[in-house]
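Chains U and P, in that order, give the protein sequences. Counting in my numbering, the first sequence runs from 208 upward without gaps. Counting in my numbering, the second sequence runs from 137 upward without gaps.
Just so you know, these hints were derived from the structure itself, not from any lab. The model shown is predicted, which means the values in this text are computed figures rather than measured ones. C-beta: ideal position from N, C-alpha, C; glycine also. Be a bit skeptical, because a hint or two may be false.
Per label pair, the in silico range of CB-to-CB distance [unchecked claim]:
id, chain 1, residue 1, chain 2, residue 2, range
1, U, Lys-264, P, Pro-206, 45 to 53 Å
2, P, Arg-221, U, Gln-210, 17 to 25 Å
3, U, Glu-222, P, Asp-199, 29 to 37 Å
4, U, Thr-212, P, Ser-233, 37 to 45 Å
5, U, Ala-284, P, Ser-233, 30 to 38 Å
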Amino acid sequence: EDQVTQSPEALRLQEGESSSLNCSYTVSGLRGLFWYRQDPGKGPEFLFTLYSAGEEKEKERLKATLTKKESFLHITAPKPEDSATYLCAVRPTTGGFKTIFGAGTRLFVKA
Amino acid sequence: DAGVIQSPRHEVTEMGQEVTLRCKPISGHNSLFWYRQTMMRGLELLIYFNNNVPIDDSGMPEDRFSAKMPNASFSTLKIQPSEPRDSAVYFCASSSSSGGAYNEQFFGPGTRLTVL
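Construct all of the structure, not just a fragment, from the sequences and the given hints.
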């Protein structure tokens, strides 16, 4: 069964304290892995798409990396405005456009 | 572009009533997705359409749920009759699939449904 597991469930950081969020996945074949950010009361907002192991993408303080079994979202010198829930999702090679989301990691950054 | 538009933003209804949620995807997008989000189960895909045709409705919880996409700019998700366990935030998302690429989804603001 295709599955996505994110850890930790919640992460509390001080401003400037770098860390990483983990997304482990089990799929028969990976078409793409997505990272989204979700703020309270809003819909998820797209951050990155990764397609193959070894791929990396960056945006401001965020960098996403991908291996054959997991993805990491690295946050460098976070600011309070980075506080949000970060969702990981995978699109298997089977199932067309079907996308499976993880439960998310709630990030709190304190000033 | 206004993004994905959903209405209503909030809906409070009584058990047994019919509920209709509406979605207008981003112009030019040919895939549309309905999701449900709860604290217990996270974000679950209910159904998705490609070129207005339902492709996978395996996530629809039961026959009380139905979805339609009569044209490229409008979709509805209907619950009849509604039950308290249907209380959740329902998101609509749209995406394009040009040139064989499977692009990211753009989400609407969601409809928060409360069934009393």
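Right, here's what the structure says about each hint:
U/Lys-264 and P/Pro-206 have their C-beta atoms about 37 Å apart, which leaves the hinted 45 to 53 Å range violated. Restraint check, P/Arg-221 to U/Gln-210: a C-beta distance of roughly 24 Å satisfies the suggested window 17 to 25 Å. The hinted window of 29 to 37 Å between U/Glu-222 and P/Asp-199 is violated, with their beta carbons roughly 50 Å apart. A hinted range of 37 to 45 Å is violated for the C-beta pair U/Thr-212 and P/Ser-233, which are about 27 Å apart.
Distance hint check for U/Ala-284 and P/Ser-233: the Cβ-Cβ separation is about 36 Å, which falls inside the suggested range of 30 to 38 Å.
In summary, the structure is inconsistent with hints 1, 3, 4 from the numbered list given earlier, while agreeing with the others.
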